[in-house]
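Participant: Sequence:
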Amino acid sequence: MLAAFLHGPLGAALVIACAGLCACSTQPARQDRSAAAAIERPAKIETDLNTAYVRPPPIDNAPRAAVRQPEHVRRDTDIWWRVRKGFSLAPAKGNERVRYFEARYTKEPYYLRLVTERAAPYLYFILQEIERRALPTELVLLPVVESAYMPFAYSRSHAAGLWQFIPDTGLLYGLKQNWWYDGRRDVYASTIAALDYLEMLNDMFLGDWLHTLAAYNAGPTRVLHEIETNRLAGKPINYWRLDLPRETRNYVPKLLAVRHLVRNPARFGISLWPVDNKPFLASIDVEAQIDVAVAARLANMEIESFQLLNPGFGRWATDPDGPHRLLLPIERAAQFKQRLAALAPKNA
1 MLAAFLHGPL GAALVIACAG LCACSTQPAR QDRSAAAAIE RPAKIETDLN TAYVRPPPID
61 NAPRAAVRQP EHVRRDTDIW WRVRKGFSLA PAKGNERVRY FEARYTKEPY YLRLVTERAA
121 PYLYFILQEI ERRALPTELV LLPVVESAYM PFAYSRSHAA GLWQFIPDTG LLYGLKQNWW
181 YDGRRDVYAS TIAALDYLEM LNDMFLGDWL HTLAAYNAGP TRVLHEIETN RLAGKPINYW
241 RLDLPRETRN YVPKLLAVRH LVRNPARFGI SLWPVDNKPF LASIDVEAQI DVAVAARLAN
301 MEIESFQLLN PGFGRWATDP DGPHRLLLPI ERAAQFKQRL AALAPKNA
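Quick note on the numbering used here: the sequence shown kicks off at 1 and runs consecutively.
Calculated directly from the structure, the hints in this document are not laboratory data.
Careful, some of the hints might be misleading.
[Said to hold, decoys possible] List time: in silico DSS-like cross-link candidates among lysine-lysine, alpha-carbon distance up to 27 Å:
#1 Lys278 x Lys337
#2 Lys85 x Lys278
#3 Lys176 x Lys337
#4 Lys93 x Lys107
#5 Lys235 x Lys93
[As the list claims (entries may be wrong)] Computed beta-carbon distance windows for the label pairs:
#6 Asp321 x Lys85: 36 to 44 Å
#7 Ile330 x Glu96: 38 to 46 Å
#8 Asp321 x Asp168: 16 to 24 Å
#9 Tyr100 x Asp291: 45 to 53 Å
#10 Gly322 x Ala103: 43 to 51 Å
We put the CB at the ideal spot given by N, CA and C, even for glycine.
Using the sequences and the hints given, assemble the complete structure.
Facilitator: Structure representation (structure tokens):
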């Protein structure tokens, strides 16, 4: 069915229309160093598994646990249990590339602990949006592969944020980018855009999620080309048989390896740090430009914690033309609104 689609005029048109379309980087992510000096960025944390463990800057009251619990105790109070319930990708058990990355992640258990700690504030929101769209919940693990859940991740190919959008694809999916604001780093906006893009790709590849994920990494043009090349040569067109770039050949196996570890951590001799299955973030519309330091103070948050929830704002203040949305811990939202309202007459 896919072969017939690609062989027809619509398939050919899509190859042309999708030229250059790619969400994520083909280079390793790093922390951005280009932000204004007026705002202090969180410490650089590499994604490489060989890098020594460094605890990320804390977010006040982030939903992470101090003690590991047995799997049977967590149940629906732990978000990982909920993530597992929605797994729907074929597990690819025994695949050599998947097993290689399973071994790498298992040898460096600190890495998954670190990524889990970084991901904790964002997981509930991202998972909720994935479930709302009835998508595979494995997609909540995609930022593990893309950015190690670093909201300030930035690659040599100019991809940015949790979902590693390159500039052009970000703009195509409504992610505003200017001197004040980069929507690719905005946790809320970039998640919506990434899932919109993944849904479009999945429609293009007729529901094949491995092709979809490969296209998210390498761009749909490259994947469509390799599928057509194999089809014309009489070869299988499944993801595992395509002649894709090295990074893309490793991309899906990395995600499936993380999936397997999350699915059955005991089998791999690891324990996941449980994250509470409850909302953590509140979205607040401040309706106008606001000084970032003032906003952090109104929320009674350290500036680093505030920035980790609102990484899209790269200057001393939010974008005067919007968006005016801030993400805050739920328990701080009411106090923030009260303090903001008290400031309004002074600024009138």
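Participant: Taking the hints in turn, state whether each one holds.
Facilitator: For each hint, the structure was consulted:
1. Lys278 x Lys337: holds (22 Å)
2. Lys85 x Lys278: Distance ~16 Å between Lys85 and Lys278 Cα, so the pair holds.
3. Lys176 x Lys337: Distance ~26 Å between Lys176 and Lys337 Cα, so the pair holds.
4. Lys93 x Lys107: The hint holds at about 19 Å.
5. Lys235 x Lys93: holds (23 Å)
6. Asp321 x Lys85: 36 to 44 Å: holds (41 Å)
7. Ile330 x Glu96: 38 to 46 Å: holds (44 Å)
8. Asp321 x Asp168: 16 to 24 Å: holds (21 Å)
9. Tyr100 x Asp291: 45 to 53 Å: holds (48 Å)
10. Gly322 x Ala103: 43 to 51 Å: This hint holds: roughly 47 Å between Cβ atoms.
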